[in-house]
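K.L.:
Residue numbers (my numbering), protein chains in the order written: chain A, 3 to 459; chain H, 39 to 305; chain D, 39 to 305; chain X, 1102 to 1426; chain P, -14 to 410.
Don't take each hint at face value.
Pulled from the structure, derived: some chain D residues nowhere near chain A, Cβ distances all over 10 Å [said to hold, decoys possible]:
1) G64
2) K70
3) C113
4) N114
5) D132
6) V134
7) G166
8) E176
9) E221
10) Q268
11) P283
12) E294
13) G302
In silico BS3-like cross-links for lysine-lysine, where the CA-CA straight-line distance does not exceed 27 Å [claimed, not checked]:
14) P:K288 - D:K70
15) P:K138 - X:K1400
16) X:K1176 - A:K196
17) P:K78 - A:K358
18) X:K1400 - P:K225
19) D:K70 - P:K138
20) X:K1388 - P:K148
21) P:K138 - A:K449
22) A:K453 - D:K180
23) D:K70 - P:K78
24) A:K358 - H:K180
25) A:K452 - P:K138
26) A:K196 - X:K1286
27) P:K288 - X:K1336
28) A:K196 - X:K1388
29) A:K196 - X:K1336
30) P:K78 - X:K1388
These aren't lab readings, by the way, just hints derived from the structure by calculation.
Note that beta-carbon positions come from the ideal geometry of N, C-alpha and C, so glycine has one too.
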Amino acid sequence: MNYSSLIIAVLILLAGAYLLGRNRARQISASGNRLHSLPTHYGALMALWTGLPPLLLLLLWSLLEGPVTRQLLIAQLPDAIQTGTSTQISLALSKVYNLAAGAELAAAPELQRAVQHLQDLQQRTRLLQTGMVLALALIGVALTWRRIRADLRARSEVEALVRRLLFASSGIAVLTTFGILASVLYESWQFFGKVNIFEFMFGTSWSPQISLRADQSGSSGSFGAVPLFAGTLLISLIAMLIAVPVGLMSAIYLSEYAAPSVRQFAKPALEILAGIPTVVYGFFAALTVAPLVRDMGAGLGLDVSSESALAAGLVMGIMIIPFVSSLSDDVINAVPQSLRDGSYGLGATRSETVKKVVLPAALPGIVGAIMLAVSRAIGETMIVAMAAGLAANLTANPFDSVTTVTVQIVTLLVGDQEFDSPKTLAAFALGLMLFLTTLVLNFVALKVVKKYREQYD
Amino acid sequence: MNIIDNHKTRGAAFCDNPKLKARNVGVFYGEKQAIFDVSLDIGANEVIALIGPSGCGKSTFLRCLNRMNDTIDICNVTGEILLDGDNIYDPKVDVVPLRARVGMVFQKPNPFPKSIYDNIAYGPRIHGLATSRVELDEIVEKSLQRAGLWNEVKDRLHAPGTGLSGGQQQRLCIARTIAVDPEVILMDEPCSALDPIATAKIEELIDELRENYTIAIVTHSMQQAARVSQRTAYFHLGQLIEVNPTDQVFTTPDHELTEAYITGRFG
Amino acid sequence: MNIIDNHKTRGAAFCDNPKLKARNVGVFYGEKQAIFDVSLDIGANEVIALIGPSGCGKSTFLRCLNRMNDTIDICNVTGEILLDGDNIYDPKVDVVPLRARVGMVFQKPNPFPKSIYDNIAYGPRIHGLATSRVELDEIVEKSLQRAGLWNEVKDRLHAPGTGLSGGQQQRLCIARTIAVDPEVILMDEPCSALDPIATAKIEELIDELRENYTIAIVTHSMQQAARVSQRTAYFHLGQLIEVNPTDQVFTTPDHELTEAYITGRFG
Amino acid sequence: ERDYISIVGSSTVYPFSTVTAERFGRSTNFPTPKVESTGSGGGLKLFCSGVGSSTPDITNSSRQIKSSEIELCAKNGVIDVVELMIGYDGIVLANSVKAPRMDISLKELFLALGKMVPDAKNPNQLIENPYKTWNQINPAFPATAIEVLGPPPTSGTRDAFVELAMEGGCKQFPLIADMKKTDEKKFKAVCHGLREDGGFVEAGENDNLIVQKLAATPNAFGIFGFSFLEENQDKVQGSIVNGKEPTYDAISDGDYPVSRSMFVYAKKAHVGVIPGLQEFLLEMTSKRAMGEDGYMSEKGMITLSEDKRKDVEETARTLRVLKAK
Amino acid sequence: MTDSSLTTRQKVERSMQYRRGRELRFRAYGLASVLFGLLCLLMVFGDILSKGLTAFQQTVLSTEIYLDQDYLGISRKSDDQELFNADYEGLIKSQFRERLGVENRGERRQMNALLSAGAGWQLRDVIADNPELLGSTITVAVLLDDEVDQWFKHYRHAGQTGKLSERQLQWLQQWQGDGRLSTQFNRLFFTNGDSREPELAGIRGAITGTFLTLLVTLLLSFPIGVAAAIYLEEFAPKNKLTEFVEININNLAAVPSIIFGLLGLSIFIGVFGVTRSTPLVGGLVLTLMTLPTIIISGRAAIKSVPPSIREAAYGLGASKMQVVFHHVLPLALPGMLTGTIIGMAQALGETAPLLMIGMVAFVVDIPGFINDPSTVLPVQIFLWADSPERAFMERTSGAIIVLLGFLITMNTLAVILRRRLERRW
Ligand SMILES: Nc1ncnc2c1ncn2[C@@H]1O[C@H](COP(=O)(O)OP(=O)(O)OP(=O)(O)O)[C@@H](O)[C@H]1O
Ligand SMILES: Nc1ncnc2c1ncn2[C@@H]1O[C@H](COP(=O)(O)OP(=O)(O)OP(=O)(O)O)[C@@H](O)[C@H]1O
Ligand SMILES: [Mg+2]
Ligand SMILES: [Mg+2]
Ligand SMILES: O=P([O-])([O-])[O-]
């Protein structure tokens, strides 16, 4: 059986084990014993022990199968290849695999043995895998079945298992962080070997162009990240100036004023704004909004470049409206009605109730929503690249063109530079620095939010 | 003890100097009717007690009087309620000043998740009743004192109101309501969580308030009704069965349902 | 009426056949101490009434008895509480069966935002008290009937429990608690929102339950305490002042504070 | 394990590589190759990361492979690399058809876009670019502000433009030409430095966007690939550089000064391992594809002369590998 | 007149003067905000629809073709290989040449340019299905080149010629006069994978890829996100470590999506050996990207469940797990779904992280499962938007319309679910 059918088989077994365990517990209880837990807990316990080990095994298997078969295959290759370089081996293996899959390739007869072996091996491993997975599941069934007695603390066991699963899930988030660090640290290190770290952190000029041509190794160019962070700040600020008021007011309007039918329609409609591909926003910003901003600026006698932070920020603001509006709407909606009643009963207007009672009560959630929106703004690339240009100006003027850290990361990464050029490596260093910066900001934000949390009820 | 269809309220539902007049009020929760054709006057400077078995519609009726029912989506009110002669259900009426004039203490205490001080100061602040911090402090202190809570909380005015005991929360809500100095005060079982001493304090307050205000109070305690009210209205299954001067209700009720309820208590 | 430091509880705080034993219990909300060194026995098949002025710590003490205070982050309990001789604050104790054995009716009614039926059925379901739907239906009906709510809600069992009136919600919560058939029932002002008839019904229920269970009830009504309880404990500012047989507390209290409180009521 | 050809690399070559891949897939029994657009640098990095089916077979590049990349390849066991030059890409300077066509020399172009330019009054001194409008450089030019939208420093197009156009113009100044002999590094810095005061706008790599921006802003100029000019003749016009108009023939003959070659690199070791690899290379270098009337030229690629193409086809047939430099 | 001389009622009335205004303004801001959001939506939609609807039409020429078996060199109709290899394009072109009387090489090139590169493949497919047609004359709607398509659909009305020459226009006008030129529903747009010829390019591959990728994302991110939110909010001991995890997750939300691509490249592809360019690796990367959104919104939703409900359940002897799964989770689910909707919407529109893991690619074959090479809709849009051919512009918009349709469908399902779960307490 292949993976998907094995998974399905395990799921079926799992369901069966659940019923089995539950019924067994019912029997025990019917025969007059007082159960420690509910029959469903016994069922769940059986299901967990039946399903989890095989699924874990499958996961491990899928990770290890490749390397193991490889090793086994290498032993079957002609001696000349086996003693050859690793590249020769890996080529031969690729060839064997393709031959085994039926590709029409001219192949030396010595390889045929390996091909044959691979085909056998594949068949056998499939069989072995199916056998082991099913056996493990059945062992789970049998062992748990034997353990089911009236005094088995099934609920505690199930809960402990579930708790561990929950824990593991939140662990993934932490692992992701390490994964990110792992994937940028090495290159950043290399980068800081070529560019002074202080120059990078405090330099005010970003221009990875002049210094680093061709095979030149040193660097005298300017890798000052300050303009990038300033640009990020400027554009995020503009975006938030749109998204926070509009999003928050929308949320308030929808949950406090609008008729339910309006809310039911408008909320999902606004949510669509978050899913429009950023390329679309990019074109919209560059071709519709930017000229508008420029003309308006010109009308005011200002000198506005056709790529402006304002245009990009505005459109980005539109994109992240739903982050603020929908998430805030949910938390606002969750504020107990009795608090509103208390306020109305004192003769407060709706807006006063919202501002003084509902919003403070919903504050942690709203801050979370806003933080999420800010995060999204910081991470956005396409709109800025298309509408605000790529010039790293250190300016606070929203009519100037600026660029952001993220945009630079992307352009540097997909650019044409050789792998070890500081231009490419700078992307990793920027990523690392952005990561650390936002980490600090988040730390501060958490402290601030903690201070203002209001518990209701 | 069956209810009569098309029942007419017995006794003196109307009075000479009404502050609030309810006329043929009906209330529906969705399909379900909770109040049937209630007509009742509440006189100026009078305390009226609303009594009746649990679930008979006392709270519902009370909440009609300052349009608190507007906040329940499925709730619908028919009939007329006049405050000083103006129909409060007129679409032109602004509920905000209305509710400032007709204050309410809810059945379940619902302090804001703010400090005790801010809970009280909230109303005066939004209505602009105090021009200075000092004045506001005064209002807060006075209100808490009148509700008999001052001594217990005076050294933790900035602790959250939700961290108070049940009875303290209830008094906080009473203090909060009187802080905005309404003309009519609707109280839904204001003493349910209070000990006798605190109850006495609140009853005193009610007596004192009566001189200038109009008060409607829902209570389950006959004694309390007898002590504080001038008139008593008896509700049953959404109908207003009888309204009469309090002593008459408790001694010689007009209606057998009222009598059954009263005596069921004493008997 | 000042409190004595290092006060020793007067009267008979201990009894022969204790179901619950509290020993030197202290409770802190953060820095603030709400209960001071309380030792008290609650006998099997006994109804004990906890009385005292609002904010004196009755609810706090009651909530210690089934470790409901665990849910308040800042709350800390010292001392020992033994249920049938086992310390319930032992770290090894599983609070889940504990709370199933020691049920609680809260001061503010807090129905689940579910149907009336599901509110009642929830406890039996999680404890596996019913093996079939029919049995569950029975439990629900019986509990509602004992709490005197059945007639009012029998034709809307699937309407939300939050759409009930205050008193109905309170009875719903009582019904919900007795549906899991606990050994000890802690009731925090169970009749505060109830009319006399419903109150009588609950008092009847308490009387009936006493035969098999142990009950601690917080109440502000002296009459109620007198009617339902065998012993009465008087709390004051977090201290347990006096515990005595109920009639003795109401006739010849041991402590002047108790007397003041009692007479303050009657005087 | 992979049984289809995996191609990575330059976004410039991507349109031509994909058309070949598609035709190859449709007209043979091999699966259609997968073509990724990763940029030349990214492509070479992946390409050189090793051999075997988890690495790409072919990478496209809009520049020649660099020695550091050859070293990387060698280090990872990618030794036999076949280099195929497939055609040219012209880089054009263009503006909206609503504005007059520009006729500019490389020298003037350098004056317009360089970061440091020789002082007009004192030709022995370099100063920050002082020119704000075109007519300050040449009175024949319009009196509009200099605004040129071009690729970012990370892009191969930018490198090519800088090398061919800017350097071509800048070394015509004696001062700078001398520098080449004395201080090569400085020479490069001067010639390759584009101004950063707003005269040159880095505008991302989406050439369609540049075209549309030009159409909306008649005073602006843009720098992009020839195929976009060809496709948008109704909106934009190519400027005449050094007297040569950017036409197909002019670029193909090498008359037009700013054009670069495009390459395809393949792993010889994968031939015979990945089905269809050599067939694909042959298809790509066939007359049908790379010839004057071939489908790649239809897509806007500027083709090699027939002789050269035959050479390349021969390379693909014999899989002649690149010699380490 | 001092304040104290005013009655409370007067003070209230006085305050009402500006409070009413404030209330009205507040409400107006709210309404304006909603309208602004909807207007933006409408603008973007309108813009895209107006540009993209024509992508669903394709110009064809109906003409007779004699299926000349000799020309095609097919000896046996049953030989699939022969059928496959025959030069159908040449056949069509030769017959056109005859009919139009094309002589010199220049004209021939111009004539060839009118036909789509796919015309031959189109014919091949017809014959592969019905080999018995060989030797007869059939009428087919031959696909025309994208230039012609654009001319027929757009330029013609504006009096423009596009890149067509005089001669080509003459032919086209002649055909048009004969009523042979027409547009038909662009079926290929929905059944084909990507192509370099605009008239052949379709989005089926991208849609399938998107579906598979998002499936992986949803199946992983929703359960993991909800579980993590529950753990952090309900179970995690409140200590420095939890705080660290919390900050970490908030921080992950701010990580640019392309960094997740780097992570995918180095960990999933590099360490775990997942194949490049597959929905599997795409889904994994998007999962990591979506998780913070779901976790953060989930935690906010859990936080907003009032403590009294938990207390009630605890009081009945429910275990922590039961409280969470029976009471907290159902009440928090709407909020969690919102996070999921937004997170998935974001994942659906994302290109940058996919760049690093090889999904920004030209993939013609339709992926069958999560480990086949594939691309996704936003990438398809991104790639088409970058193509020089003018005809790709409307197809870009067409693909965006489809993507939005996909998004709306996906959201509608979630929104219906959310609506059923929502309640106020
Ligand atoms: N969550 C809390 N945080 C801080 N202090 C609290 C909290 N709950 C109660 N208190 C304080 O502890 C003391 C005892 O409160 P408790 O609720 O036990 O009083 P009580 O006797 O039940 O009063 P009542 O009859 O009014 O309900 C009071 O001073 C109260 O303000
Ligand atoms: N929000 C609601 N939705 C539906 N029905 C409701 C709602 N609120 C109250 N009811 C019903 O309306 C009737 C009257 O309720 P009301 O709260 O007015 O009773 P009450 O007289 O205040 O009772 P109590 O003394 O118990 O508070 C009851 O049957 C109640 O179940
Ligand atoms: Mg009520
Ligand atoms: Mg209490
Ligand atoms: O993608 P390029 O390497 O050609 O810029």
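K.L.:
So, for every hint listed, does it hold in this structure?
P.N.:
Status of the hints after comparison with the structure:
| no. | hint | in the structure |
| --- | --- | --- |
| 1 | G64 | holds (24 Å) |
| 2 | K70 | holds (16 Å) |
| 3 | C113 | holds (13 Å) |
| 4 | N114 | holds (18 Å) |
| 5 | D132 | violated (7 Å) |
| 6 | V134 | violated (8 Å) |
| 7 | G166 | violated (4 Å) |
| 8 | E176 | holds (18 Å) |
| 9 | E221 | holds (14 Å) |
| 10 | Q268 | holds (31 Å) |
| 11 | P283 | holds (37 Å) |
| 12 | E294 | holds (38 Å) |
| 13 | G302 | holds (31 Å) |
| 14 | P:K288 - D:K70 | holds (26 Å) |
| 15 | P:K138 - X:K1400 | holds (22 Å) |
| 16 | X:K1176 - A:K196 | holds (22 Å) |
| 17 | P:K78 - A:K358 | violated (77 Å) |
| 18 | X:K1400 - P:K225 | violated (60 Å) |
| 19 | D:K70 - P:K138 | violated (80 Å) |
| 20 | X:K1388 - P:K148 | holds (24 Å) |
| 21 | P:K138 - A:K449 | violated (60 Å) |
| 22 | A:K453 - D:K180 | violated (48 Å) |
| 23 | D:K70 - P:K78 | violated (95 Å) |
| 24 | A:K358 - H:K180 | holds (23 Å) |
| 25 | A:K452 - P:K138 | violated (61 Å) |
| 26 | A:K196 - X:K1286 | holds (17 Å) |
| 27 | P:K288 - X:K1336 | violated (57 Å) |
| 28 | A:K196 - X:K1388 | violated (46 Å) |
| 29 | A:K196 - X:K1336 | violated (44 Å) |
| 30 | P:K78 - X:K1388 | holds (19 Å) |
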